[in-house]
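Colleague: On the provided structure of chain A, position chains B, C and D with the ligands as indicated by the hints.
Chains as they are written, first to last, in the UniProt record's numbering: chain A, 1 to 448; chain B, 1 to 448; chain C, 1 to 448; chain D, 1 to 448.
Relax, there's no trap hidden among the hints.
No copy is singled out in the list; a pair is fine if it fits within one copy or between any two copies.
For lysine-lysine, the following DSSO-like pairs were computed, each having C-alpha atoms within a straight-line distance of at most 30 Å:
| no. | residue 1 | residue 2 |
| --- | --- | --- |
| 1 | Lys197 | Lys233 |
| 2 | Lys97 | Lys140 |
| 3 | Lys97 | Lys198 |
| 4 | Lys177 | Lys198 |
| 5 | Lys198 | Lys233 |
| 6 | Lys29 | Lys2 |
| 7 | Lys177 | Lys197 |
| 8 | Lys140 | Lys198 |
| 9 | Lys108 | Lys177 |
| 10 | Lys97 | Lys108 |
| 11 | Lys108 | Lys140 |
| 12 | Lys67 | Lys321 |
| 13 | Lys140 | Lys29 |
No wet-lab data here; the hints were simulated from the structure.
Number of protein chains: 4
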Amino acid sequence: MKADLVIKNARVVRHDGEFHGGVAVKDGKIVLTGSDESLPDATRTIDAEGRVLMPGLIDPHCHLGVKFPFAEDMRTETAAAASGGVTTALLYIRNLKESYLPFYEERKALGEENSVIDFGFHFGIQREEHIAEIPEIVAKTGVKSFKCYFGYEPDNPIGIVPATDGWVYAAMRILAKVPGGVINVHCENTQIASWIKKEIAATGRQDLGAYTESRPAFCEVETIRRMIFLAEKTGCSLHLVHTSVGMGPVLAAEAQARGVHVTVETCPHYLTRTCYDEDLDMRAKISPPLRDRNELEGLWAGMLNGSVYSLGTDHVPFLPKKLEDLWTEFPGVVSFPWELSLMLHFGVHQRGMPLSRLVELNSFNPARRFGLWPRKGHIDVGFDADLVLVDLDEERTVTHTGKGTCIYEGWKLKGWPVMTVARGDVVYENGVVAETNYGRGRCVTLPA
Amino acid sequence: MKADLVIKNARVVRHDGEFHGGVAVKDGKIVLTGSDESLPDATRTIDAEGRVLMPGLIDPHCHLGVKFPFAEDMRTETAAAASGGVTTALLYIRNLKESYLPFYEERKALGEENSVIDFGFHFGIQREEHIAEIPEIVAKTGVKSFKCYFGYEPDNPIGIVPATDGWVYAAMRILAKVPGGVINVHCENTQIASWIKKEIAATGRQDLGAYTESRPAFCEVETIRRMIFLAEKTGCSLHLVHTSVGMGPVLAAEAQARGVHVTVETCPHYLTRTCYDEDLDMRAKISPPLRDRNELEGLWAGMLNGSVYSLGTDHVPFLPKKLEDLWTEFPGVVSFPWELSLMLHFGVHQRGMPLSRLVELNSFNPARRFGLWPRKGHIDVGFDADLVLVDLDEERTVTHTGKGTCIYEGWKLKGWPVMTVARGDVVYENGVVAETNYGRGRCVTLPA
Amino acid sequence: MKADLVIKNARVVRHDGEFHGGVAVKDGKIVLTGSDESLPDATRTIDAEGRVLMPGLIDPHCHLGVKFPFAEDMRTETAAAASGGVTTALLYIRNLKESYLPFYEERKALGEENSVIDFGFHFGIQREEHIAEIPEIVAKTGVKSFKCYFGYEPDNPIGIVPATDGWVYAAMRILAKVPGGVINVHCENTQIASWIKKEIAATGRQDLGAYTESRPAFCEVETIRRMIFLAEKTGCSLHLVHTSVGMGPVLAAEAQARGVHVTVETCPHYLTRTCYDEDLDMRAKISPPLRDRNELEGLWAGMLNGSVYSLGTDHVPFLPKKLEDLWTEFPGVVSFPWELSLMLHFGVHQRGMPLSRLVELNSFNPARRFGLWPRKGHIDVGFDADLVLVDLDEERTVTHTGKGTCIYEGWKLKGWPVMTVARGDVVYENGVVAETNYGRGRCVTLPA
Amino acid sequence: MKADLVIKNARVVRHDGEFHGGVAVKDGKIVLTGSDESLPDATRTIDAEGRVLMPGLIDPHCHLGVKFPFAEDMRTETAAAASGGVTTALLYIRNLKESYLPFYEERKALGEENSVIDFGFHFGIQREEHIAEIPEIVAKTGVKSFKCYFGYEPDNPIGIVPATDGWVYAAMRILAKVPGGVINVHCENTQIASWIKKEIAATGRQDLGAYTESRPAFCEVETIRRMIFLAEKTGCSLHLVHTSVGMGPVLAAEAQARGVHVTVETCPHYLTRTCYDEDLDMRAKISPPLRDRNELEGLWAGMLNGSVYSLGTDHVPFLPKKLEDLWTEFPGVVSFPWELSLMLHFGVHQRGMPLSRLVELNSFNPARRFGLWPRKGHIDVGFDADLVLVDLDEERTVTHTGKGTCIYEGWKLKGWPVMTVARGDVVYENGVVAETNYGRGRCVTLPA
Ligand SMILES: [Zn+2]
Ligand SMILES: [Zn+2]
Ligand SMILES: [Zn+2]
Ligand SMILES: [Zn+2]
Ligand SMILES: [Zn+2]
Ligand SMILES: [Zn+2]
Ligand SMILES: [Zn+2]
Ligand SMILES: [Zn+2]
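The following block holds chain A by itself, in its conformation from the complex:
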């Protein structure tokens, strides 16, 4: 057998361990993993020179097409993702129309025309009809993951329609019967946050900490507890997105011990930044907000002890921030290109997190959670050849040239992706994602 691509002489890292050797790829899939001497001939053979070869990252949480045209974001941002080792991106997308079916077809088509990497969708529940439509959506699109939003006031400028507990309950009741169905919840008690915001805004404060203090950690904890209660009641599987509080993984672990199926996502920014960092201002406004060091350390505890389930970037390219008023500034930052590097630097190098745990967080768990297993998220026979080659020792400085707000500009990080392989194609090497890759990505949320 002659392979299309062989990568040899690698430290192959998977969620459960590692070996020295390599992989052979044919027709976009891995056909063999083995010791170097067992690897076959190939059209292209890459010598990893002992560097780390991991499954490509699955970023299960990003927002594209929010402020810039969707088609455009699907080019620029998926290229950025590929440069960061991301080989699959799952988008939270929202649609105010009665049905999600036309929207799905449109976004799928646009995505496949433009995207560098594979992609899929979660759908936001934005009106009552969306709940009733869930079974049909599952059947006709393969999307089984729905998001309810609690973090936004009714008149928020982003246009998000906030959920009620009734919506969540009704959706959970339906999703509990869908194999692989999952409800995602943005947990913040906005009724309380609105009250506090009114008080703090009245003081005239404009510092980033003021924003955080206006929606304190206990607001998120309260909603997490409420959602876990409803998940327990309905038997629905619950995913807590962009968890920013240390109690999140603790509450989830306790609930899991009682048999509740609940998982915790956190994001690189909650692990690397606090609202009191001196160089940050309203540019770093995100939702939920950056927290303090105590919450940050709580999240790291969950990263290291297994109670954080997965990482998501919450990457969202907004127009440049206006820097006029903390309270009306749009929230959101971008992080595709540095997500992996941040985790290598702060997790692997600084805190001794095993590389296999990082693979679990970035690839294995997202694939299991969102129906991509046994196709993505692993380096194994039969899986898509989605791979990232990592130089653990490379030191490079973050320089952001793309859209959106970067909160790491100028940081020197150790550990960077040097090559990304997506379904067998080398889409990123020598620091470049070639434009020829636009439109090669395929939608992975498909009807069964």
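Modeller: Only chains B, C and D with the ligands this time, still in chain A's reference frame:
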């Protein structure tokens, strides 16, 4: 590259999934896993005909050399184990002398002269000196797993020296500092059990249920809770052996959620037999006792939801039972040859347990727990070629011809191992373990 | 000393025990409790003939002036209360104006012109301004008890303004600093209930069970949990009014064990009626709804083990029910005259509840909770002479002639009040409350 | 009616409140409580001059006759108790003979010949026969309270026979069926403590902290948890004597919330002394040991929030300590005369504990717990006239002249008892207990 052995056309099942294809073995180790077309030539190539290929079982809990000579048991019983798909056996062995070092050398040597499969040791703490010796034992034998016994009265005829809470505490305090160190505890509150036994024995009852009722489930629950408390206090990793109560996995899951490192083992008999089964009598006396259906179902819940960590046989070949008096009868049964088959029949076929979960319980988790990772417990490049080929559909009747007491005689089970490969050698095929295999097993608990 | 009133030869029952003898009253207060031979001469001496003398009931939960004029209700309903042994009534009253101060003055004046018995107020938080006004309300009215309503949809026909979590949080934060301050919450998750109601109403069902199933027990449990969380966060004292679910007292007991100050009220109807009672229809609609037998028994468990704190009638005289449509029917029933009798019949006689526990629930605890201690709620030197004489053996049939809906018509109950003494005046005897008593009641929530 | 004794012009404090006025006593019982003007004539009338009148203390935990003759201790120590405001003492007594019945008769007779105050018994379970005898003991002596000892090694010089879990379980099973039955447990895991003692004693340390560190707080916590588990399992009422750890009241409160009947006693020394107090040495050895400030504060939290149930002195007059070796020194201190004063000084004055809470801890709760209600523990019509008059402002220095070890010598305390009345007799006034009082005390644990 020409391999020594290739198994192809298999449904290769691992703890985290499966693929169709095969493995190549050279020098006793797996060098490649791949699709059929990617497999190399080999000295011997076996066509699995689509059957299941799993990692060989690691039985982390057996007792050999208790009533029959150790050397003899290491022949007869490891052959029985090999016929059941077991490729590594970990023995709980006890020694009343001051030091474990000579005992280790002797047992290791005798084992390597006789055993069919690889083997290793846990040591029982039988006197105070053993606790102080732990660091030296770890350094000079590689054994990091020690057992304390609560289930026996001081004058028990087996000669087991029961632990005190002081022993457990002292051992935990030391083991908490040993990387990979683990305390195993036989959990039963014997002070309470003794009291109740006196009452029930006085009634003249001789049925198996009388024995169980004399050491009720809450006695085991109490000691589990106490051990978890001490593990939490000392930071020591705790393994609850032969758990027979449904609360075991529940309590462990709750403790894990608080950050306590505690794992639960159960045994095939607690999952398939109750003390009220009409065909059973004092022959089926074991320690802890068979329980009722409620406890059995609680354990299955833990098998399916992940809160049971691993399976052990507690295989112990005693002399034939005397059948004279329930209360003085020796406890213990054998199950090497049927352990896997029982789990295939009752777990996989009857309860829909995924095969990958069975691999996790039988191979992956025991290897991780007892320092055999990344050498055993997985089918992957660089691992020992310890494999078992399984025919899921074969139906065969249990017939016990060896030593010890079998409590499944005449049961027709579906799903049997048909070939066992140990470090690349086919040690069991066509229903036979050849005598040439005696003495090929090697001790796996070795100084670093 | 010559007393105004002596009651002798009584079984004097208090929250913590009982004795045989009597009390002497002078100037409306108890001056002495003693054995019969120690009692002084008095203007009127009543021989209790061995019957039970208890502290008068404090009904901490009623609604007067909702549909009928306040002044009128304060005559008719307080007379009804006096006939039921109630000597103090605390009214939940609401006011949509910006300030509560004029409303307090008006209601206090009207009450003192008309009421037979002493009375006081809790105030409903109905707009943001009410929260900021709390400190001034406390100072100028003595009212320290505020209610937030979660059980009503925004457009409810009663005109109740539902609370937000923001309101509750803000009110709790203030009340946590008020000695004796307490937040009362009507706990039901109306967002979920609205969703379910829509579904059930669409089926055309008009039976009482349909109403209950449209706002199931878990909706109340959810809100109880949320409120306890906020009470714990803010340090505020929380009172769970009209608790209808068995988990209520359980959750409160757990929270108390953690140091949260939370108390549970339930009502006679939740202890004596279920939504599936065959003789009931939409007439018995109340909010929260009658539940099933399981919840009823859970509440009785709390009555007997101490985890229910107090009883309230939730007495509300609405216009006669229309009996046209379950879903638009107004909720609410009356129970002043039978509350005590229901508890004597079903609690003391049927379930063996000690009389002293009934005094605790009806008098001692409400007095402690709402600032009436050490003036009311006890038979002791210096306390107001608020007393009820009870004939434990009298059997009488419930016949309702007053306003509002009675759900016990025709029930034969054992144990009835036969005389009520309010601040030393015999206001009810021989089955009659004389009209001369109108206007003798005084407001007990007064500025310090 | 002419009374024997009237105390007037007092601040009468009870567990649930207070009033100004007084009490009238006839034939040893209270016949009246009332305002000053309502009090009758009496043979002796005492003007309290506004000072506090409380129920006499019930000390539910002392040991008399351990080293000195029982008859002698019943004179000297009950006189000391009376001087401290104690009017009833409950003795933990032990007997190694098969039956408790002769022992009870003997101790009862000796007590009634010598004691100044009323007294009763708890019995220690010291051999298996004592457990079987419980029903007969209850019937023939009225003693329903039994103690099991875990804090002593088998060969302890005091001669205490330590319990097994089997004994506790068996006793609990029986006591669960005895109305008012209670098991008392001395909670310490002596198996662990023995191990640690061996280590610490080997260092040569002789300081008091060494003794405490040899039996650390977690040993007591472990046994408390185990006992609560058994109480929950058997339904038996559990009393945790001389609790020295802050987790004690916390665990009890959690268990109570689950419906377990468990109460916590602590002692004045655990609330006022730590093992690291610089002036203390092996003289202050007690069992369980004095702890550190953290445990002390935890106990005060329980004193103030209600989770400590009652106070006991654990008064035990040993021979003078030898001061030779920490490890063999006998444990135990005396505190009858200062118990109340210590609580007034450190609780009421220093920490603002309400006097009514102190009455609850010292009189009301012990009476309820140990079958003395409604006869003792309260100032109310029909109760024994057991009273103590307290001067809250008196400052006096502790000077110990009696037997045993005092650990407060020279402390200036504020708040002292000035008169003690026992069943209507003034037994202590002007600083003296007259010898004429010897033999007036009566046994209160009597067959029904
Ligand atoms: Zn969100
Ligand atoms: Zn997002
Ligand atoms: Zn064992
Ligand atoms: Zn075993
Ligand atoms: Zn309400
Ligand atoms: Zn109400
Ligand atoms: Zn003790
Ligand atoms: Zn004691």
